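K.L.:
Start from the sequences and build out the full structure, keeping to the hints where you can.
There are 2 protein chains.
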Amino acid sequence: MSSAPADTTVPTKPWLSLGGREFHSRLILGIEQYTDATLVSEVLRAAGADVFITTFDLEQTRPSLLMSDLDETVGLDDYVWIGTTSFARSREDALLTARRLRESYGIHIMKLDVRPSDNFPHNAQTVTAAAELVAEGFDVLPFILPDPDTAAALEQAGCAAIRLMASPVASARGVVDERAVRETMAAVSVPVILEGGLGTPAQVVRAMELGADAVLVNTAIAQAPQPAVLAASMRHAVLAGRLAVDQGLVGPLAP
Amino acid sequence: MSSAPADTTVPTKPWLSLGGREFHSRLILGIEQYTDATLVSEVLRAAGADVFITTFDLEQTRPSLLMSDLDETVGLDDYVWIGTTSFARSREDALLTARRLRESYGIHIMKLDVRPSDNFPHNAQTVTAAAELVAEGFDVLPFILPDPDTAAALEQAGCAAIRLMASPVASARGVVDERAVRETMAAVSVPVILEGGLGTPAQVVRAMELGADAVLVNTAIAQAPQPAVLAASMRHAVLAGRLAVDQGLVGPLAP
Numbered sequence: 001m002s003s004a005p006a007d008t009t010v011p012t013k014p015w016l017s018l019g020g021r022e023f024h025s026r027l028i029l030g031i032e033q034y035t036d037a038t039l040v041s042e043v044l045r046a047a048g049a050d051v052f053i054t055t056f057d058l059e060q061t062r063p064s065l066l067m068s069d070l071d072e073t074v075g076l077d078d079y080v081w082i083g084t085t086s087f088a089r090s091r092e093d094a095l096l097t098a099r100r101l102r103e104s105y106g107i108h109i110m111k112l113d114v115r116p117s118d119n120f121p122h123n124a125q126t127v128t129a130a131a132e133l134v135a136e137g138f139d140v141l142p143f144i145l146p147d148p149d150t151a152a153a154l155e156q157a158g159c160a161a162i163r164l165m166a167s168p169v170a171s172a173r174g175v176v177d178e179r180a181v182r183e184t185m186a187a188v189s190v191p192v193i194l195e196g197g198l199g200t201p202a203q204v205v206r207a208m209e210l211g212a213d214a215v216l217v218n219t220a221i222a223q224a225p226q227p228a229v230l231a232a233s234m235r236h237a238v239l240a241g242r243l244a245v246d247q248g249l250v251g252p253l254a255p
Numbered sequence: 001m002s003s004a005p006a007d008t009t010v011p012t013k014p015w016l017s018l019g020g021r022e023f024h025s026r027l028i029l030g031i032e033q034y035t036d037a038t039l040v041s042e043v044l045r046a047a048g049a050d051v052f053i054t055t056f057d058l059e060q061t062r063p064s065l066l067m068s069d070l071d072e073t074v075g076l077d078d079y080v081w082i083g084t085t086s087f088a089r090s091r092e093d094a095l096l097t098a099r100r101l102r103e104s105y106g107i108h109i110m111k112l113d114v115r116p117s118d119n120f121p122h123n124a125q126t127v128t129a130a131a132e133l134v135a136e137g138f139d140v141l142p143f144i145l146p147d148p149d150t151a152a153a154l155e156q157a158g159c160a161a162i163r164l165m166a167s168p169v170a171s172a173r174g175v176v177d178e179r180a181v182r183e184t185m186a187a188v189s190v191p192v193i194l195e196g197g198l199g200t201p202a203q204v205v206r207a208m209e210l211g212a213d214a215v216l217v218n219t220a221i222a223q224a225p226q227p228a229v230l231a232a233s234m235r236h237a238v239l240a241g242r243l244a245v246d247q248g249l250v251g252p253l254a255p
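Protein chains in written order, with our numbering: chain W, 1 to 255; chain Z, 1 to 255.
None of these hints come from the bench; they were simulated from the model.
All of these numbers come straight from a predicted model, not from anything done at the bench.
Quick reminder that beta carbons are idealized off the backbone N, C-alpha and C, glycines included.
Derived coverage of chain W by chain Z (criterion: at least 3 residues anywhere in the stretch with Cβ under 8 Å from a Cβ of chain Z; other residues may be distant):
1) 197-210
2) 214-226
Stretch by stretch, here's where chain Z covers chain W in the computed footprint (C-beta under 8 Å, at least three residues):
3) 234-241
4) 244-250
Okay, the calculated beta carbon distance ranges per label pair:
5) Z:119 with W:176: 26 to 36 Å
6) W:149 with Z:35: 49 to 59 Å
7) Z:72 with W:71: 48 to 58 Å
8) Z:137 with W:180: 49 to 59 Å
9) W:149 with Z:13: 47 to 57 Å
10) W:128 with Z:179: 42 to 52 Å
P.N.:
Spelled out as structure tokens, the structure:
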């Protein structure tokens, strides 16, 4: 009885559409931590991802893959391209990175991170940077600490979706403040992505149960012994959570 | 990029073999709560189950499906048959149910429940009943509250696997005492099934992360608006948890 899961598991409608590109998979992967293009390809396929995220490291302090290598190995045309400013320490660096990504690759969908202290986004600087990027014609996906007012301001500024920090990046603590996340979700009508510190599939399912439209997982997969296996695990976790939400099943909030 | 999950997700080795029958799926469903044979068939297929559980209600106080209807609709030959004593309130009733299931259907694998107060197993009575059933030639899967000594006694008595209560049956509280579960698991070398109160996929993944060889889910699926959809959710949850365990990924224990 080990046949494929029922058809009920295949998402039919995209949860986000931007400039004619549709987002079906609710699992988004960061790939900044990889140095092997073949591994990136395996991980994206095992995750069922339909998004490819790339960036510039303005200070060139971190290893990065060549786009030419990736294109040959990963088949980049199959993916929606998104830029990220995840290495940016300030509003200025974030804007610079976004503009350079558009100039170089024509990328207009921007995962906006302004993280002065690496693991925490700066909400106020993010709002300012988001407004500027929207004015410049970008589709902006900003990353913030859960806060209803900040999220509402970002939606007001024209952001396409809001990314909320579950717990500090790479902490593997899951959704630490479930109430703050729920209240922030309730403050906006655009899709919400939960991200940061999602280290185990149970934490990913819980994020989906809380009502996330999608999750972004990075370190847990990149640092697994076999990243493609953990990517498959996270894919199942996202499907498990989403199907439960479809059934109206949400566990009680943690205190 | 919505192709089927990677091959990594298909279990290759059975987690339990009894009398020549192999258990591959790590998701076991109770079906005592169903009154529609078609629904049972859909749920078992969506769950990827390879076990079919049946019982007698000695007092005939609950509705039950006719085996003839089930055989026609479900295709019972595809499944490993297990009997359950889940309606038994005492050691005597449990023994009577088990014997009658073997006489009627030739079932020799017995899910042994002795639950005087419905939602809690009685550890001491379960040990006594398990020893008697083993002596009579049954393969016994006893259900107990997490307790290392009781689990060790059951393994000593020859039980094939141990089922541990995660939280009270139908409570949807997940694994309440993670430390007790881990310590009990460490006390035995036979497979351990977590069961009872697993109400959401996040709770199921967590049970798998803690090292369960399999989980048994009943009420959450039976009472969902569309049981087959929630069965698919739980199937994904089990796969997500198992793949993470294969990667050595276990979150820190709850306090």
